[in-house]
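A.B. asks: Listed below, chain by chain, are the residues.
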Amino acid sequence: MTGAFAETAAAPPLPYRVAQRRTDTPDTATIVLEPVGTALPPFTPGQFAMVYAFGVGDIPLSVSGIDGRRLTHTVRAVGAISGALHGVRPGQTVGVRGPFGTGWELSEEAGRDLLVVAGGIGLAPLRPLVRAALAELGRYGRLSVLIGARSPHELLYSDETAHWQAGARVLTTVDHPAPDWMGDVGVVTTLLDRAVFDPSTATAFVCGPEPMIRATADELVHRGVAPDRIRVSLERTMHCGTGHCGHCQLGPLLLCRDGPVVTWTRARPLLLIREL
Amino acid sequence: MTDDDGAAVIDKDGMDALVAVLAARGRTVIGPTVRDGAIVLAEISGGAELPYGWGVELEAGTYRLAAREDGAAFAHSAGPQSWKTFLHPPRAREWSADRTADGGLVTTPDATPPPSYAFLGVRPCDLRAIAVQDRVLTGGRHADRGYRGRRAGAFLVAVECTEPGATCFCVSMGTGPAVGPGYDLALTEVLDADGHRFLVRAGSEEGEAVLAELPSRAADTATRTAARDRVAAAADRMGRSMPPVDLQGLMRETLNAERWDDVTARCLTCGNCTMVCPTCFCTTAEDITDLTGDHAERWRRWESCFDRDFTHLPGGPVRDSPRSRYRQWATHKLGTWYDQFGSSGCVGCGRCIVWCPVGIDITEEAHALNRERASGAGEGAG
Chain B
1 MTGAFAETAA
11 APPLPYRVAQ
21 RRTDTPDTAT
31 IVLEPVGTAL
41 PPFTPGQFAM
51 VYAFGVGDIP
61 LSVSGIDGRR
71 LTHTVRAVGA
81 ISGALHGVRP
91 GQTVGVRGPF
101 GTGWELSEEA
111 GRDLLVVAGG
121 IGLAPLRPLV
131 RAALAELGRY
141 GRLSVLIGAR
151 SPHELLYSDE
161 TAHWQAGARV
171 LTTVDHPAPD
181 WMGDVGVVTT
191 LLDRAVFDPS
201 TATAFVCGPE
211 PMIRATADEL
221 VHRGVAPDRI
231 RVSLERTMHC
241 GTGHCGHCQL
251 GPLLLCRDGP
261 VVTWTRARPL
271 LLIREL
Chain R
1001 MTDDDGAAVI
1011 DKDGMDALVA
1021 VLAARGRTVI
1031 GPTVRDGAIV
1041 LAEISGGAEL
1051 PYGWGVELEA
1061 GTYRLAARED
1071 GAAFAHSAGP
1081 QSWKTFLHPP
1091 RAREWSADRT
1101 ADGGLVTTPD
1111 ATPPPSYAFL
1121 GVRPCDLRAI
1131 AVQDRVLTGG
1141 RHADRGYRGR
1151 RAGAFLVAVE
1161 CTEPGATCFC
1171 VSMGTGPAVG
1181 PGYDLALTEV
1191 LDADGHRFLV
1201 RAGSEEGEAV
1211 LAELPSRAAD
1221 TATRTAARDR
1231 VAAAADRMGR
1241 SMPPVDLQGL
1251 MRETLNAERW
1261 DDVTARCLTC
1271 GNCTMVCPTC
1281 FCTTAEDITD
1291 LTGDHAERWR
1301 RWESCFDRDF
1311 THLPGGPVRD
1321 SPRSRYRQWA
1331 THKLGTWYDQ
1341 FGSSGCVGCG
1351 RCIVWCPVGI
1361 DITEEAHALN
1371 RERASGAGEG
1381 AG
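As given, the protein sequences belong to chains B and R, one line each in that order. Take the first sequence: its position 186, counted from the start at 1, is 186 in the working numbering, and no numbers get skipped. So the working numbering is basically just the index in the second sequence, starting at one, shifted up by 1000.
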């Protein structure tokens, strides 16, 4: 209520220029944005921005890369706004608001094994976390990254994830293999047997479709990981990002404020209620 | 003019003066007035426009104006609008964006100067509702600039409740009928053999200044006693009440109750309850462009959690069934609001009961949920 808090709700987005665009999969692209003038405050892995396509609208997009003042987002074209953002080209300008929401929080994970489990585009918000962990490998225990996708051509960042092998156990599986696919086939939880982590102390970071999150988190609990040490990133409709539009409620949570990253302790009972 | 505690008494001419003084201070005076067969909240230019001699008859799904012989101005309870219409308006521009010749983007916050309102006739329940919206819209990490501007400029004249409606339940929500903090001036209307008058108390410096400009006399004991008695009597005449239990816990523990199926069989998911609720704050973003295609605006408009698209995700709405949407509204209002904003989202004004086209009564639903829980059925997993 005082000057300590910025009047950031209902504030206009800041202009960011598209510096690079790369096609990841047939419907997904990764765009690198740099501020035209003033930059937003720094983002942490797991947080999201509201990214605005001129005249069309804005949607929440997790940061899939953080590089100084530059923000990277990976967007899948599924609607009018995501379609417009998917279609931007270098040199064009979009609007960005943020940072919003909770992050993955690596600060208190020193010495622990880190287990990252991603389904589909769920790898996008986890990428800056993996990069941060790889940048300080000695600080943590072992790092495992398990990646699942529907088919080989929907795997994100394949060039980069191959390089992650140098510092992490990276395992990949697909639901529907192509003829030339030589890797694993099946849901991402089938990879857990080959991940390297001590369930009694490891911290897990999970993002993907909600059924995948539930299956993964329940399996991790079954294997002895404490629900408080499992962090999941959830998705709901968001129009403001600032806790005022009411759309992102999940029971007691406003996911733009109390999430998107929440512990499995918090999320599980809420996700068990149908249509909460 | 006034005695030790500053309380004073004004007559009807003092009420006329109050409207005039507030207007002379540059304020847009909004108060109850009879229009279109209802007591609405609208700009008034004089005390004569107050609904002297009008009351209302309320029931679930029913609202009727009723003439009163006593000539009272404030012997009516909540009408179809609430003060959020002015503080958190149905449509508001947030910012605009212009595309520059080189393909750039310039964004500009909305520069509409905040209005300077005076609200005349804020009921204790509605005064609490304003405090609830204050916490939602300006109490968190991100404060809403537009709301803060409108709110900071508003002068609140509260009126204690002496004539509760059949749908009122402020006593069980702890919000009335006596006025709580947050007013600039508080009135209590008294009609008896000594005449038609208003006990006035100031709750702020500006309230004291305004009161000093009114033709008034120091509050006498008879008027004070009559005012206190009338408010106390109103507390005993509440039309409805919530079950006397921890409502937050009740909502959390009955998420899978069968009662939700019962109410869903009646609910039309029209969203009327959310529109008339003085605390419902949900909005949607609306992006428009002009004919040049180079100027765009972001508008915010009221949205209802009863809309199927409210929880739209690429895979479909999260809350698809009407059952889940009514449950969201009721459990948010009575339960999860505490988790999110530290208070109840319900102030007991009864508007949602009155303006529900099929007369769904949130107090009746809460009682039914309480009975079902007591019977051991419908235990939620929450």
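Just so you know, the hints here were simulated from the structure itself, not pulled from any lab data. Predicted model only: the values in this text are computed from it and were never measured. C-beta: ideal position from N, C-alpha, C; glycine also. It is possible that some hints are incorrect.
[Unchecked claim] Pairwise CB distance ranges, derived in the manner of DEER restraints:
1) R1135(R) <-> G83(B): 51 to 59 angstroms
2) R1025(R) <-> P209(B): 54 to 62 angstroms
3) P1314(R) <-> V185(B): 20 to 28 angstroms
4) E275(B) <-> E1286(R): 48 to 56 angstroms
5) G1180(R) <-> G91(B): 50 to 58 angstroms
[Said to hold, decoys possible] Here are some, though not all, of the chain B residues that point toward chain R, as calculated from beta-carbon distances under 7 angstroms:
6) A10
7) P13
8) G57
9) H86
10) V88
11) P90
12) T93
13) G95
14) P99
15) T102
16) A162
17) H163
18) W164
19) G243
20) I273
21) E275
A.B. asks: Now look at each hint and say whether the structure bears it out.
C.D. replies: Hints, one by one, checked against the model:
no.: 1; hint: R1135(R) <-> G83(B): 51 to 59 angstroms; in the structure: violated (37 angstroms)
no.: 2; hint: R1025(R) <-> P209(B): 54 to 62 angstroms; in the structure: holds (58 angstroms)
no.: 3; hint: P1314(R) <-> V185(B): 20 to 28 angstroms; in the structure: holds (25 angstroms)
no.: 4; hint: E275(B) <-> E1286(R): 48 to 56 angstroms; in the structure: violated (26 angstroms)
no.: 5; hint: G1180(R) <-> G91(B): 50 to 58 angstroms; in the structure: holds (57 angstroms)
no.: 6; hint: A10; in the structure: holds (4 angstroms)
no.: 7; hint: P13; in the structure: holds (6 angstroms)
no.: 8; hint: G57; in the structure: holds (4 angstroms)
no.: 9; hint: H86; in the structure: violated (13 angstroms)
no.: 10; hint: V88; in the structure: violated (11 angstroms)
no.: 11; hint: P90; in the structure: violated (11 angstroms)
no.: 12; hint: T93; in the structure: holds (4 angstroms)
no.: 13; hint: G95; in the structure: holds (6 angstroms)
no.: 14; hint: P99; in the structure: violated (11 angstroms)
no.: 15; hint: T102; in the structure: violated (12 angstroms)
no.: 16; hint: A162; in the structure: violated (29 angstroms)
no.: 17; hint: H163; in the structure: violated (30 angstroms)
no.: 18; hint: W164; in the structure: violated (28 angstroms)
no.: 19; hint: G243; in the structure: holds (5 angstroms)
no.: 20; hint: I273; in the structure: holds (5 angstroms)
no.: 21; hint: E275; in the structure: holds (4 angstroms)
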